[in-house]
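Add chain V to chain L, keeping to what the hints say.
One-letter residues, chain by chain:
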Amino acid sequence: MADTPLPSSLTVELSLVSRTFGRRRAVDDVDLSLHAGDCLALFGPNGAGKTTLLRLIAGLLKPTSGSVRVCGHSLRDDAAARAHVGLISHQSMLYRALSARENVEFAASLYGVPDPRGAAVRALERMRILDRADAPVRALSRGLQQRVSIARAIVHEPSVVLLDEPYTGLDAAGGAALTEMLRLLRSSGASLILVTHNVEEGLAVASHAAVMLDGRIARHDDCATLDPPIYAGEYRELVLRGIDQEMSLDIGVSA
Amino acid sequence: MSEARAPSTVGAAWLVARKDLAIEFRTRTAFFSALVFAVLALCIFYFAWDESIIAPAQRAPGVLWVVLAFSALLGLQRSFGIEEHDRGIDALLVSPISREAIYLGKAIGNLLFLCAIQLITIPALALFYNLPVGRPLLVVTGIVLLAMIGIVAIGTLFSAMAVNTRLAELLLPMLSLPFFVPILMNAAQATTRVLADRPLAESWPWLKILLAFDIVFVVACTLAFPFTLEE
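Those sequence lines, one after another, are chains L and V. Everything in the first sequence is counted per our numbering, starting at 1 for the first residue and increasing by one. Everything in the second sequence is counted per our numbering, starting at 1 for the first residue and increasing by one.
Keep in mind that the hints were calculated from the coordinates and are not lab data. Hints may be right or wrong, so weigh each one.
To be verified - Here are some chain L residues the structure puts well away from chain V; computed CB gaps all over 12 Å:
hint: 1; residue: Glu13
hint: 2; residue: Ser18
hint: 3; residue: Arg23
hint: 4; residue: Arg69
hint: 5; residue: Ser141
hint: 6; residue: Gly143
hint: 7; residue: Asp171
hint: 8; residue: Ala173
hint: 9; residue: Ala210
hint: 10; residue: Glu237
What the hints assert, rightly or not - A few chain L residues that face chain V, going by a derived Cβ cut-off under 7 Å, partial list only:
hint: 11; residue: Ala79
hint: 12; residue: Ala80
hint: 13; residue: Ala83
hint: 14; residue: Gln91
hint: 15; residue: Tyr95
hint: 16; residue: Ala97
hint: 17; residue: Tyr111
hint: 18; residue: Gly112
Keep in mind the model is a prediction, meaning the values are calculated, not measured. Cβ atoms here follow ideal geometry from the backbone N, Cα and C, with glycine treated the same way.
With the rest of the complex left out, here is chain V:
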């Protein structure tokens, strides 16, 4: 054997994430489907309500989190799907990288993928719902990022669990959505306050709970992931 030395967990995770993003960049299937869904949902929600009853800016937080949760599911679905086609996952499993690195790599890839979707969704939301551009929107972007970490942690784990089942498309939302609830609830509460131009201190308790959920989900899912791969 040559003087090969297996990459560290972080190095291996980055290799897996880079590979996933390269595949998505070539095919763009998940990106476009998630993006089309997000923009279409923003339009539908905009025209569904009477502006004279509820102002668009007041609807924005709810719309944002519904769109974000479901577009995330579209992206997460493909995460382990690309491994299943020709059993690429076996090549990862026989390599000297740890199972945790595979999980973290997949999660980083999913996070970057979802960030790319949000780069278009958040400005579109601001445009449709006449949101104040500047500091509030920056804070909302930060909240989205924080919520995405938890959503991706849960979604990546369940994507691995669901992929081998016949009802993968149904099973992933069924398993994930109940776990998304605490994240979405806290994120929506914080977003509402930020967009209502209330002091950031009012959102802080919600953000702390959100952060706590992120930490718990990332740690628990990283530890649980190797068990999802047992046959």
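So here's chain L without its partners, still in its complex pose:
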């Protein structure tokens, strides 16, 4: 399970972060901190606010209240500090007309990586897709596109990697390559936030686990104290209870 984390230094720090869309509170007073080498597996039902939380950390969204700091910087105010972050999102964030290599090379150039072409080749190799490097992205399957997308996100060796359902569409080999890469990133001192619906997959690489319900962190655990099968059962129960509670509130019955 968890690898030995490197000596602690705060990489992600969220202080009472909230984000509302109209009247809906998607993220509600979230406090969270991660140290170098930490990996937080974030679980929760659809609409719990997990993706919004990742977008807040990545600097793509502005918090309605509270503060988000990555490696001591606010990403929205400090462009250079964004080089610390790698984001893997629901969408591939790739250009379909360009080849896999061109996409990753373009990302490397944006981050000012020396020898972007070499870095792109190495990143694609890590994701075991170098043999399709010159194929246009539109010609690749969903799973292969996901591998390219992951290569794009890690090509600049970020200190904080945000992963939103990264296992989606990956076959066994792709999943194994990703798990291996996440372990490697952790051991090199990167902090990871992994949003997934698969508890076993999440706990396989995580040092911490959290459950998000209705915009709030409903539970936060240290993985060293967790037994994956028991945690998976407890997690499902928590999520179902949260959904039941929400449905009861919706129809005006006290839960």
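Leaving out everything else, chain V in the frame of chain L:
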């Protein structure tokens, strides 16, 4: 992290522009649609008027600027469309380049794209409307370039604003065209005088206003662009 150093604003803008042009070079969809429109419009305008009433050379300035404005809109439409498909824009926004660099990159890409269209449209215009080849046509090309800067500055900003809406195709011309008016008006006035073989000094006041609009639009749109990206 490696010894990476984010590119400068100009460097990043060039990276974005190069990427956009590479995508357009592969797909060629916007290029061909804008080009076909431009050439077709030139033909239609040529046959729509009675030559014995208005000479083709006198119609040319008006035709040029109508064709140019609408073919530009076709090109500008795709500018942020290519970012939306798989949210490539998010990859740009989380990278260490500034928002201004994204805007300038998009604008440079659009400008080069429109220049490529004009490379075919202007000779076609000269051919259809029997324009004097040589110095007047060179000056007209310069005026077109000057006007394109303003058109691209406005169009790129509104393309970013419109792309997330359901009526993007309708919204872009609706927002952009009123702002194109001062550019087109001055450019058309200068073109008319140049093609009538009048001294360049007569066109100069119009060109100065055109230049002033270019500067205002480029600066204002670069500063306004980061606000269009807020969710």
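Going down the list of hints, with the structure as the test:
no., hint, in the structure
1, Glu13, "holds (18 Å)"
2, Ser18, "holds (15 Å)"
3, Arg23, "holds (16 Å)"
4, Arg69, "holds (16 Å)"
5, Ser141, "holds (14 Å)"
6, Gly143, "holds (15 Å)"
7, Asp171, "holds (20 Å)"
8, Ala173, "holds (23 Å)"
9, Ala210, "holds (22 Å)"
10, Glu237, "holds (34 Å)"
11, Ala79, "holds (5 Å)"
12, Ala80, "holds (5 Å)"
13, Ala83, "holds (4 Å)"
14, Gln91, "holds (4 Å)"
15, Tyr95, "holds (6 Å)"
16, Ala97, "holds (4 Å)"
17, Tyr111, "holds (5 Å)"
18, Gly112, "holds (4 Å)"
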